[in-house]
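Asker: Residue strings, one per chain:
There are 2 protein chains.
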Amino acid sequence: MKNRVGREIPDDILKDKNYKAFETTEIGHPDKQRVAPIVTVTNGDNKVVNSIKEIVEKLVKDGMTISFHHHLREGDQIFNDVMQAIIDLGIKDLTLAPSSLTNVMNDMVVKAIKSGTITNITSSGMRGSLGDAVSHGLLKNPVVFRSHGNRARAIEEGKIKIDVAFLGVPNSDEVGNANGMEGDAAFGSLGYALMDAQYARRVVLLTDNLVPYPNTPASIKQTQVDYVVKVAKVGDPDRIGSGATRFTKDPKELKIAQMVNEVITHSPYFKDGFSFQTGSGGAALAVTRYLRQAMLDNKIKASFALGGITKPTVDLLEEGLVNKIMDVQDFDKGAADSMKNNRKQQEIDASWYADPDNKAAMVDQLDVVILSALEIDTKFNVNVMTGSDGVIRGAIGGHQDAATAKLTIISAPLVRGRIVTVVPDVTTIVTPGDSIDVLVTEVGIAINPKRHDLLETLSNIPGVPVYTIEELQQKAQQIVGKPKALEFTDKTVALIEYRDGSLIDVVKQVKD
Amino acid sequence: MKNRVGREIPDDILKDKNYKAFETTEIGHPDKQRVAPIVTVTNGDNKVVNSIKEIVEKLVKDGMTISFHHHLREGDQIFNDVMQAIIDLGIKDLTLAPSSLTNVMNDMVVKAIKSGTITNITSSGMRGSLGDAVSHGLLKNPVVFRSHGNRARAIEEGKIKIDVAFLGVPNSDEVGNANGMEGDAAFGSLGYALMDAQYARRVVLLTDNLVPYPNTPASIKQTQVDYVVKVAKVGDPDRIGSGATRFTKDPKELKIAQMVNEVITHSPYFKDGFSFQTGSGGAALAVTRYLRQAMLDNKIKASFALGGITKPTVDLLEEGLVNKIMDVQDFDKGAADSMKNNRKQQEIDASWYADPDNKAAMVDQLDVVILSALEIDTKFNVNVMTGSDGVIRGAIGGHQDAATAKLTIISAPLVRGRIVTVVPDVTTIVTPGDSIDVLVTEVGIAINPKRHDLLETLSNIPGVPVYTIEELQQKAQQIVGKPKALEFTDKTVALIEYRDGSLIDVVKQVKD
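Chains as they are written, first to last, in the numbering used here: chain A, 5 to 516; chain B, 5 to 516.
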C-alpha cells in the first residue's frame with residue numbers, strides 16, 4: 005500500500021512486522037504503557053571485571069540484542085573492541101541496537117554481518133563501507149532506522165529490548181557511578197546512553213578511568229549498572245570532537261547562513277525568551293554567529309538552546325545571550341568542558357530531548373530549528389538518509405524530532421557539485437514535508453504553502469528572494485540537468501520509521 | 005505462625021495479603037521484574053492548573069492510591085490543602101501512600117479516615133493523634149509500615165501503585181521541571197519524591213513559585229509531570245527544618261555520643277575512606293561533632309556521608325573531612341542550602357539510597373551507622389514504632405535499611421524517665437537483632453555476641469564499660485522496675501514489613 009506521503013510500503017512488512025503506515029505528524033494524547041527491566045540484585049561489591057572477553061562470555065548469548073552509544077563519535081574504541089570479542093567467541097544472530105553508528109565502526113559491523121554475528125540492526129544511521137554493504141543487500145533483514153527520539157520511545161515502550169548495553173565512559177567508580185565530563189575521553193553529555201542505562205537488562209560500563217567511590221555527579225548511577233570493565237583506552241579524545249564542527253569559509257554556506265539568520269530574525273518567533281536548535285555542520289555554526297549579532301543588536305535573549313551542542317552555543321551561554329543549554333550530546337571539547345563547569349548547561353536524556361510519547365519533550369517547546377538535507381522535494385519532504393546514488397549514507401539523528409519546532413528551516417545548497425538537492429521527489433522520505441516550514445538555499449528561500457502566515461512575514465526581506473519550491477527545483481535542474489532515475493531491486497534493505505514508530509519509507513537494494 | 009524472630013503473624017494476613025513471614029536479613033541475588041507507569045502523552049503546553057479543587061476533580065476517583073512526600077516536614081501545607089479538597093468532594097476509599105506522615109498532617113488524616121475518604125494507609129510511620137487513633141482501631145484495614153528503601157522497592161515492583169502523586173515543590177516551570185533547592189519553601193533534596201515522580205500514573209506538582217522555562221537543575225523532569233498547580237503557599241520554611249536537629253546539652257546524651265564516638269574510632273572501620281550515616285537527633289549531632297575531632301586528630305577523611313543530612317555534616321564536607329554527601333533528605337536549612345552550592349552534595353532518590361532489590365544501594369556500601377531506638381531487647385531487636393504503652397508513635401525511616409552497614413550502632417539511653425529502653429522483648433520488632441552490632445547507653449555498651457571480632461576490638465576502651473545486653477536490661481529494670489505487660493485486642497492495626505517486603509511483626513489494637 006501507499007502511505008500518506010505516497011510511499012509504497014510492502015504489505016508483508018506491514019503485516020509480518022506489525023507496522024502501521026505513516027499517517028500524520030500529530031502525536032495527540034494517547035496513553036502509552038512503558039516497560040521496565042528485570043534487575044538482578046547485588047550489593048555492588050563485585051562489579052569490576054578485568055577483561056572484555058570475560059564480560060562478553062558471561063553475558064552475551066546467541067540471539068540477544070546488544071547496544072552501544074555513539075557519544076565518542078569517530079574516537080570510539082569500545083565498539084570495535086567489544087564486537088571483536090563477540091565475533092571471536094563465535095556468538096551468532098545478534099541484533100545491534102546502538103544510538104548510532106559512526107564511521108570508525110563500519111568495517112567491524114561489516115565483518116560481524118559476514119560472520120553471522122549480527123543479523124539485525126537498528127540505528128539512527130550509517131555511512132561509508134557499512135551503508136554501502138547494506139544497500140547492496142549484505143544484511144538478510146532490513147535495518148530499522150529510528151530518530152533519537154524514536155529510539156527513546158521504542159526502548160521505553162519495549163519495541164527495542166536491550167539485553168546487554170556496553171557503554172564506554174570516561175570515568176566510573178567500582179560500583180558504576182559515572183559521568184561523561186571528566187577523564188581523558190571526556191565527551192560531555194551522556195544523553196543517548198542514559199536510555200540504555202535505564203532500560204537494558206544488563207548494563208556494562210567500560211572505562212579507562214576508575215575513580216574513588218562514590219563518583220559524582222552520577223549521570224549513570226550504580227543502581228543501573230551490573231558490571232564495570234577496566235579497559236586500556238575508551239577512545240581517542242582528539243577524534244571525539246572532530247568531524248562536522250568547523251566554521252565554514254565557503255561563500256555559498258555563508259550566504260545560506262546569512263539568509264537563515266534573516267529568516268529567523270524576521271519571523272514572529274525572534275523575541276525575548278525564544279529557543280533554538282542549530283546542530284552542527286559548517287552552515288549551522290555560521291548561523292549561530294550571525295544569530296549572536298542579531299540578538300545583541302535587538303537586545304533579545306534566548307531561553308534555551310537545544311540539541312547537539314557546540315562551542316559557539318556555549319559561548320552564547322557564557323555571554324548571557326542564552327539562559328540555558330539543554331544538552332543531549334556535545335559535538336566538541338568546548339561544549340563538553342562547559343557542561344562540567346556551568347550548571348546552566350543541563351544534561352538531558354534522549355527521551356527528554358525528543359521522545360514523542362512523552363509528557364512533553366524539549367523539542368515540543370522549541371521555537372526555531374535549522375536542519376540539513378541531502379535532498380528536499382517539492383512537497384518539502386526531506387531525505388537525510390540516502391545519497392543521489394540511492395546508497396545509505398546518513399542518519400536521521402534528531403531530524404524528524406526537532407522538525408516539530410514552530411519554525412523548521414532546512415538549510416541546504418541548491419546543488420552540491422553535480423548533485424541536485426532540490427528534487428521533484430526525494431529518494432527516501434525521512435522527515436515529512438508537513439513539518440518543514442522554510443527551505444533556505446544560496447539563491448533564495450521557499451516557504452511551505454501551508455504556512456500562509458510566514459508567506460506574508462518573510463516575503464519582503466531585503467536580499468532574501470522568495471521562490472516557490474517548484475521554482476527552486478527547476479533552478480537546480482537547470483544547473484545540473486535531470487538526474488537519471490535510480491534503479492533498485494525488489495529487496496527491502498532498510499525501514500525508515502517516523503518518530504511515532506509508523507513506516508514513512510523503505511530503502512531498496514541498489515542495482516549495480 | 006511464628007516468624008524467624010518469634011513474632012506471631014496471623015495466618016489470614018499471610019494468606020489474604022500474600023505475604024511471606026520474615027526469614028533473613030540477607031537479600032541475595034534474585035531477579036526482580038520492575039514495573040513502569042502508563043504515560044498520557046502531551047506536548048506540555050497546557051499543564052498549569054489554577055486550583056487544587058480543579059486538579060482533584062480531574063484526577064482523583066474513589067478507590068485510588070494517592071501519594072505525597074514529607075520533605076516539607078512540619079512546615080508542610082500541601083498535604084492538608086489537597087486532602088481537604090478531596091474530603092470536600094466526597095471521594096471515598098482511597099489508599100494513602102506518602103513517603104511518611106508528619107505531625108502537621110495528623111488531624112487531617114484522622115478526619116479523612118472518619119469521613120471514609122481514606123480506608124488504607126502505607127507510610128514510613130505516624131505519631132500523635134493519628135498514631136493514637138490507629139492504635140485504637142479507627143482504620144478498618146491495617147496500616148502497612150515500610151522503610152524508605154522498602155517503599156522504593158514496593159513502588160518499583162508494583163506493590164504500591166500510585167494513581168496520583170501530589171508533590172509540593174519550592175519551584176517549577178510551567179512544564180514541570182522542578183527542584184528542591186530554590187524558593188521560599190526550599191528544602192533541598194527531593195529524594196523520596198523522586199520515586200513518586202518516576203512511577204505514579206499521574207504526577208501533579210504544587211508550587212508557589214513558577215519560574216521561567218526551562219527550570220534547571222531539574223530533579224523532577226517535565227517528562228514525568230502531568231500538571232503544575234499554582235498555590236499560594238507550599239509550606240512554612242521556618243518549620244521545614246525544625247524538629248529534631250538541635251545540638252544536645254543533655255549530659256546523658258553527650259555521654260552516649262562520646263561513647264558512640266569511641267566505639268567508632270576504635271572499630272576496624274575507622275580508617276581513611278570510611279563512610280557513615282549519623283541521622284538527626286541531639287545525640288547524633290553530638291556524635292558528628294566528636295567524630296570531626298577524631299578525624300582531625302587521626303588525619304582520617306571519610307569518602308561519604310549518607311542519609312538525612314544536617315548542617316554539621318555539611319560543615320565536614322566544606323572542611324574537606326568528608327569527600328561526598330549522598331543526600332536523600334535534608335533536615336535543616338543549612339543542609340538544603342549546601343546542596344544548591346556544593347556539587348559534591350549529590351541528590352539521591354530513595355531507591356539509590358536504600359532499595360534492597362537493587363544493583364547496589366548506598367546503604368550496601370555503608371561502613372558505620374548510628375541509629376536510635378524506642379526499645380531494644382536482649383536479642384538486639386529494635387523497636388522504633390510503638391511506645392511503652394503500645395501506641396504507634398514512630399517511623400521506620402531508613403532504620404532497617406541503614407542497619408545493613410558494616411557497623412550498626414544503636415544509641416539509646418537505658419531508660420527515659422520512668423520508661424525502660426532495654427527490655428527482654430521489644431513491643432514491636434522493626435529492625436531484627438541480626439543487623440545490630442553494638443548498643444551504646446550512658447552506662448556502657450553491649451556487643452552483639454555474633455560479632456566475635458568486635459567483642460575483642462572494643463573490649464578495652466578506657467571509659468567504655470562492656471556489658472552483655474542482658475546485664476544492661478537488668479540494670480534498666482533495677483532503675484524503673486518491671487513494666488506491667490501491655491494488653492492488646494486481637495485486631496491487627498498495623499503490619500511491619502521488613503525491607504524485603506516480608507512481615508517482621510504486626511501491631512495490635514491497644515486495650516483501653
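FYI, nobody ran anything at the bench for these hints, they're computed from the structure. Some hints here could point you the wrong way.
Said to hold, decoys possible - Derived DSS-like pairs: lysine-lysine, alpha-carbon spacing no greater than 25 Å straight-line:
id, chain 1, residue 1, chain 2, residue 2
1, A, Lys36, B, Lys344
2, B, Lys65, A, Lys348
3, A, Lys344, B, Lys344
4, A, Lys36, B, Lys65
5, A, Lys165, B, Lys36
6, B, Lys337, A, Lys348
7, B, Lys36, A, Lys348
Said to hold, decoys possible - Derived contacts from chain A toward chain B, CB cut-off under 10 Å, selection only:
id, residue
8, Thr44
9, Asp49
10, Thr99
11, Pro221
12, Lys225
13, Val229
14, Gly277
15, Phe308
16, Lys328
17, Lys348
18, Gln350
19, Trp356
20, Asp368
All residues carry an ideal CB built from backbone N, CA and C; glycine is no exception.
Asker: Could you check if lysine 348 of chain A really has its C-beta closer than 10 Å to a C-beta on chain B?
Answerer: This interface hint holds because 7 Å falls under the 10 Å limit.
Asker: Hint validation: valine 229 of chain A versus chain B, beta carbon distance must be below 10 Å. Holds or violated?
Answerer: At 6 Å from the nearest chain B Cβ, valine 229 of chain A passes the 10 Å test, so the hint holds.
Asker: Under the criterion of a CB-CB separation shorter than 10 Å, is glutamine 350 of chain A in contact with chain B as hinted?
Answerer: holds, 4 Å
Asker: With a cut-off of 10 Å, does the beta carbon of glycine 277 of chain A approach a beta carbon of chain B closely enough for the hint to hold?
Answerer: Interface hint status for glycine 277 of chain A: holds (7 Å vs cutoff 10 Å).
Asker: Let me know if the C-beta of lysine 328 of chain A comes in closer than 10 Å to any C-beta of chain B, holds or violated.
Answerer: Since chain B brings a Cβ to about 5 Å from lysine 328 of chain A, closer than 10 Å, the hint holds.
Asker: Does the CB of tryptophan 356 of chain A sit less than 10 Å away from some CB of chain B?
Answerer: holds, 5 Å
Asker: Can threonine 99 of chain A be said to touch chain B, with a Cβ gap under 10 Å?
Answerer: violated, 22 Å
Asker: Going straight from one Cα to the other, do lysine 344 of chain A and lysine 344 of chain B come out at no more than 25 Å?
Answerer: Holds: lysine 344 of chain A and lysine 344 of chain B sit about 16 Å apart, inside 25 Å.
Asker: What's the verdict on lysine 36 of chain B and lysine 348 of chain A, does the C-alpha distance respect the 25 Å limit or exceed it?
Answerer: Violated: lysine 36 of chain B and lysine 348 of chain A sit about 37 Å apart, past 25 Å.
Asker: Can aspartate 49 of chain A be said to touch chain B, with a Cβ gap under 10 Å?
Answerer: holds, 8 Å
Asker: Hint check: lysine 337 of chain B vs lysine 348 of chain A, CA-CA at most 25 Å. Holds or violated?
Answerer: Distance ~23 Å between lysine 337 of chain B and lysine 348 of chain A Cα, so the pair holds.
Asker: Should the interface hint for lysine 225 of chain A be scored as holding, given a Cβ-Cβ cut-off of 10 Å against chain B?
Answerer: holds, 6 Å
The structure shown violates the earlier hints numbered 1, 2, 7, 10.
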